[in-house]
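Taken in order, these protein sequences are the chains called A and B.
Reminder that position 65 of the first sequence reads as 65 in the numbering used here, one-by-one numbering, no gaps.
Numbering-wise, the numbering used here comes out as the position in the second sequence, counting from 1, plus 1000.
Note that these hints are calculated values from the structure, not bench results.
Every residue gets a Cβ at the ideal spot worked out from N, C-alpha and C, and that includes glycine.
A portion of the hints provided could be inaccurate.
Here are the simulated distance ranges between beta carbons [unchecked claim]:
1) A:S74 / B:G1370: 26 to 34 Å
2) B:A1498 / A:R112: 53 to 61 Å
3) B:R1438 / A:G217: 44 to 52 Å
4) B:G1370 / A:Q69: 19 to 27 Å
5) A:D203 / B:A1498: 32 to 40 Å
6) A:D117 / B:T1157: 27 to 35 Å
7) B:R1029 / A:S164: 47 to 55 Å
8) B:R1029 / A:P168: 31 to 39 Å
9) A:H8 / B:A1034: 51 to 59 Å
10) A:P29 / B:R1373: 35 to 43 Å
11) B:A1034 / A:E127: 58 to 66 Å
12) B:L1198 / A:Q69: 30 to 38 Å
13) B:M1351 / A:S164: 52 to 60 Å
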Amino acid sequence: MPLLRCEHVCLSYDGLRDAVSDLTLAVEPGSIFALVGPNGAGKTSTLRMLATLQPPTSGTLVVDGIDLQRDPESARRRIGYLPDHFALYDQQTPVEYLEFFARLHGVPSKGRRARIDALLEELDLSEKRTSPIRTLSRGMRQRLGLAKTLVHEPKLLLLDEPASALDPGARIKLRDALLRLRRREVAVIISSHILPDLAGLADSVGIMEGGRLISSGAIEDVAGKARGAEVVLLVEVGHPDRARRVFGDFGARVVAVEEAAPGRFHVTVNAPPADGGRALEELVADLADALVLRGARLSHLAPRESALEAVYRASAASAVA
Amino acid sequence: MDNKSATKPPASTGDLRTALSAFAHRSVRPRHAAQLVLYSAGIALLLMLVAAWIVGEATSPANQVYHYPGYVPLPWDTIALADIFALILLALGLFVIAPATVAASLAGERRAGTLDQLRTTPAPPLGLLAGVVVGAPLRLYLLCVGPLALHVFATVTGRVPPSVLVGSLFVLGAGAVLSVLFGAVLALAPQRDSGGALLALGAAGLSGFAAIVTTGMSTSSSSARWAFLHPGGALSSLMLSFDGLWQRMMLSSWRLETLHGSGSWSTVLSLIPAASVALSLVVGALLAHAACRKLASPERPLFGKVSAVAIFTVLAAAIILPVSQESIYSSRAANSITLALGIVHLPILLMLTVFSTPTPEAFALAVRRGQARGPFSDVAGPQGAAWAMLTIFLALCAVSFGALGHLLHASGRDFVAVTWAFTVAGSLPLFVLFGALRFQTGGARAAFYAAIFAHLIFQMIGIGIAREWSRNQVELSVVEVAGVLGVVVPLVVGVMLARRIAAIRATARRG
């Protein structure tokens, strides 16, 4: 049974244009759903509706069996929301800040402090636990915001561009934290423009454009649909001549070969997107085997852009069109 | 981060308590609370010292001046004077500074976006509201402990009758509730975020001004009946109701004679505290309802139409019903009072109308979707509620001093003036709705309202001159121009409003 169910949800502020139009999706417990799309696509409006901050104009939103419009207060116990731009109480310390929100969420006093300490430890904020929030760096503030959304142990986590202010190290920590949450059956909906971060993280993706969810599903399925049959691979080898001969052996499966630099090829291959991208996986494996066997000294072989990047590029291109 | 120990869902009273505890804890830590109470004791001590110094100076033979025969010296007493200072300080803190603090705090939360974060917690809107109005001024409340203790000490030592202590505690409590809720409503009223400092200043200014006016009212037999309109006036009435230092300081000897000679003033003064507490609680409940509505759904107008009419009814009844029959010595006087009361009620009606008008987006959405819009629904224009308020105003005037009968028996000029005034007031919702739908920015809307304000002032001048028996040619021209504008301006705005609504409908058809 899905943790989140959206059925035909529409949001219009003035009746002229739908900020979100006929949105239907379901998110399972323990899964990470990436919401991708250009600016103004309706991602933030969708997250605000799910966070009970904005009622939909029509449609149904159900979280853990609770209708968000009928019983928003119960639903909020199950939802954690981190907006794109958020403010903290600068005069407080991280511990005071988390304690305030823990109290508001009704976290029992027994074990409250232990939970706060664990969160601070997990998000690498222990050293700053008693420093005023105004002295925290941007990345620390972002992590504290995330800690706030986790303090009541929500079942559904809504993150709007959570990694935008984080340095690479902090992004890895965020990613690890989200993976840990997934293991605990927490469902996460994450909207982000930093696609490499989402690539190995999200189980499924939804592409939004002009308020509509134009495609959703497993990343490879959606990416396959978005990029079509032709995929560009980046191949780096020590012996370019041997590699050229290997590409020639693949016949129609290799559509074009461009040598961007000595030993560095952009190889366009033909891999039908069916079966969740298995054809591409098999082709890449075959190509790698052949290059190794023919002694081309293969050092790199992968699609030039990740599946999510392909999805995003396709959605952005159609938005411009 | 063990997900199994999910938070248990407490009952709604539990939610309220939880929110209160969270906000209180955020504002003041227990060890700081003790510190603040200690400071408040220092304030009480300071008041005693200042009072002792003043009393010493006032009673010193060196400072005695010539007094007229029969002069009764003030009964100077250190504790009594310190008690007066304490009450003034309490009134200042609870009725002026506390609402300003609440307004500034809530406006700050709105501007920073933290209010949205609070709205994503399970705390109900009433819990959040209670948390803000208790939490934001909590330090101030704690600083009030010392002066309050001084007031109790004055009662224990016989300077203040026990009934006055009880009454003042009720007035202070209910008045504080009303004042902080007023501050909260003021911060939530604008559709978009606005400056906290400005709102704080507005809350303090309005409440402080009302306190001074009603305190002044309490010291006159003819106006004391309105002193309950602000808790500051009610406190003053309480202190005037017994023969103490405040009574001697505030009333001249002939007013003292009037007070002691006529039972009616004393009776009014004795009724004012109860009336003030009742008014504070009723208006406070209506304001709390409005604030909770806005916290739950910021896209809705601050006041529902029914709430706006209810608030108007309570305030109008509080202002109109105490009008004395003695002041109605002729139909002309009655009509003058009706017009004067109309001027007093006009800003109240205007504010309630503005803050019960839907946002342009909500109105347009309802029009385009063909949503059913009863006259009292949130997405309806404000005309239904505004005209209901006008009818209630007339009804209250009729009940209080027979305004309708006097209007029918009035001269033609009086009849024209009063009906003209009501027509002008009746056109207000037209302007408010047009201003909301046509102008997107606050500045443009403010400029439009300023123009309408100028129109209203000119209409008042026209109405005032129209009532006069003798008019020269210039005055006659003013009346004629005002009369023409009184018809043309609403007509033009009405046509523009109709075109605007037609355009909104047209986009829906095209869409």
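Here is how each hint holds up against the structure:
1. Taking the beta carbon of each, S74 (chain A) and G1370 (chain B) are about 33 Å apart, inside 26 to 34 Å as hinted.
2. Roughly 59 Å separates the CB atoms of A1498 (chain B) and R112 (chain A), a value that falls within the hinted 53 to 61 Å.
3. With their beta carbons about 46 Å apart, R1438 (chain B) and G217 (chain A) fall inside the hinted range of 44 to 52 Å.
4. Range check, G1370 (chain B) to Q69 (chain A): about 21 Å between beta-carbon atoms, so the 19 to 27 Å window is met.
5. The hinted window of 32 to 40 Å between D203 (chain A) and A1498 (chain B) is violated, with their beta carbons roughly 54 Å apart.
6. Our hint of 27 to 35 Å for D117 (chain A) and T1157 (chain B) is violated, since their Cβ atoms are close to 52 Å apart.
7. Taking the beta carbon of each, R1029 (chain B) and S164 (chain A) are about 34 Å apart, not inside 47 to 55 Å as hinted.
8. At about 38 Å, the beta-carbon gap between R1029 (chain B) and P168 (chain A) stays in the expected band of 31 to 39 Å.
9. At about 57 Å, the beta-carbon gap between H8 (chain A) and A1034 (chain B) stays in the expected band of 51 to 59 Å.
10. For P29 (chain A) and R1373 (chain B), the Cβ-Cβ distance of about 42 Å falls inside the hinted range of 35 to 43 Å, so the restraint holds.
11. Restraint check, A1034 (chain B) to E127 (chain A): a C-beta distance of roughly 30 Å breaks the suggested window 58 to 66 Å.
12. Checked against the given bound of 30 to 38 Å, the beta carbons of L1198 (chain B) and Q69 (chain A), roughly 35 Å apart, stay inside it.
13. A hinted range of 52 to 60 Å is violated for the C-beta pair M1351 (chain B) and S164 (chain A), which are about 42 Å apart.
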